[in-house]
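As a plain string of letters, each chain reads:
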Amino acid sequence: MLPQAYVETVATVTLYLPEPLRTYGGGIAELPVSAGTVQAVLDHLERTRPALYRNVCDETGAVRRHLNIFVNADHVRDLAGLDTMLRPGDVVTIVPAVSGG
Amino acid sequence: MSVADRVLLTIGTKKGVFVSDAPKTRRSFSLRGPFGPGVPVYSTLIDTRSSPRLYASSCNPFFGMKVLLSNDMGKSFKETKSAPAFPKDDGRALINIWSLEAGPGKKEVWCGVEPASLFRSHDGGNSWETVPGISNHEHARKWAPGNGGLCMHTIIRDGDRVHLGISTGGHYMSEDGGQTFRASNQGVGAGFQPDPYPEYGQCVHKIVRHDDAPGRLYMQNHGGWAEWTGPGGPRPDIGVLRSDDYGHSWRSIAKGLPSDFGFPIVVHPHDADTIYVMPLEPATRTCPGGAPAVWRSENGGDAWLRLAKGLPKKESYFTVLRDAMTIDTLKTPALYFGTTTGQLWIGRDGGETFECLFDSLPPIHNVKVAVV
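Those protein sequences? They're chains A and B, same order as listed. Residue 1 is where the first sequence starts when you use the working numbering, and the numbers rise one by one after that. Residue 1 is where the second sequence starts when you use the working numbering, and the numbers rise one by one after that.
In case anyone wonders, no lab produced these hints; they're calculated from the structure. Some hints could be false.
A few chain A residues that face chain B, going by a derived Cβ cut-off under 8 Å, partial list only [to be verified]:
(1) GLU19
(2) PRO20
(3) ARG54
Here are some of the chain B residues that sit facing chain A, going by a computed Cβ distance under 8 Å [unchecked claim]:
(4) PRO37
(5) ASP90
(6) GLY133
Treat the numbers as computed from the prediction; the structure is a model and nothing was measured. Backbone N, C-alpha and C define an ideal beta-carbon position, used for all residues, glycine too.
Chain A with its partners taken away, still in its complex shape:
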């Protein structure tokens, strides 16, 4: 059972997937998720779409190093990290970092 605080603040948000991840998300770009925090979004993925989750998080549950997660226009590192609270209508976006060569 979820902690009471989470139950009270569960929101329906939109998870936006970058193109390379859509193969693992049934081909869709936007996924509606009911979750109170960014971590809860990831937990939802782990339960419902494990192949997609494995692309976002490693075996320890850590978000992969070269991925960034935004809530609306803000990087979660500038908010409360994976504990960032979500409000109805928020858009959670997973974006590969600009890196490589």
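We have chain A; now place chain B onto it with these hints.
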């Protein structure tokens, strides 16, 4: 020409895997690819036990490791249903896949990864399990990464014997089919710690064997420590080694080489006494004097001959990585090596004459060959 008359190459690069093939004459090689999402491929496997199955690891820095599989001779690849992954409570996360080898079962595949561990698939790469005898070995949490990471790069099966090469961990062997493993590094030097001959922790670069010489193994170890003046003193010639007792002990065969540092070591398919290495300057890991050469021994390492006909004579500073040199199994075999500057070379007549097959590929990590 039938399908059974072709030489097939897999070329793992920084930007995906390429496949090349040629008739047995090997006069002209085609090239297709790159396959995969443009990310590094450190290991490939051409599994010829039935219809050829081509495997390639795909080291995706964004979305994690994948295993790619081709059932159509490398015309297309698709992801297997899963890649190796540590159990959630293990605490380790997969960083790279360094070796793919055929296992004893019909569709069994073994996989060496970073951090150094061994995985096994019984269904052609769709599901994986850790091999606990080495992955959870009492030494496993004490191994340390080398410059390339903490990788299990060599898997050799010989009946119930299994030899593993780990950088840096050393040589580990099993004599019970992979149930249990022990470090077996007597005579294998280490240059980066005060103890020149530790029980484990050596930076082994590659190990090979030949069916015709039971008990014999050759190793390219991390050499280049002849000038070391610190604790433990200099340790010359620790880079190229041989075992004649199934890997229980090792002795140097590096005398006569311009450098005992290098990454690959290859054994001739029809002569267990003939071996090839690619000596490199230990500081830069590039061709000595800017003049690349393969060195061949035809007597098990007692003497070495420089092979450089057709290779650049100067101003060439590439590196040949541990899995980037191989040899085919035709009657007069050809040697192949790929460079970090993206050239794929063929050494015709066992390395007598070299020719550049492809000049501008991405940096090459891995080259495998099979006659199919």
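Hints, one by one, checked against the model:
The restraint placing A/GLU19 at the interface with chain B is violated, with a minimum CB-CB distance near 11 Å, outside the 8 Å limit. Using the Cβ-Cβ criterion of 8 Å, the hint placing A/PRO20 at the interface with chain B is satisfied: the shortest such distance is roughly 6 Å. Because the closest C-beta pair between A/ARG54 and chain B is about 6 Å apart, less than 8 Å, the hint holds. Hint status for B/PRO37: holds, given a least beta-carbon distance of 7 Å to chain A, under 8 Å.
This hint holds: B/ASP90 has a C-beta 7 Å from the nearest C-beta of chain A, less than the 8 Å allowed. Below 8 Å, beta-carbon pairs count as interface contacts, and B/GLY133 has none with chain A, the closest being about 20 Å; its hint is therefore violated.
The structure is inconsistent with the numbered hints 1 and 6, although it conforms to all the rest.
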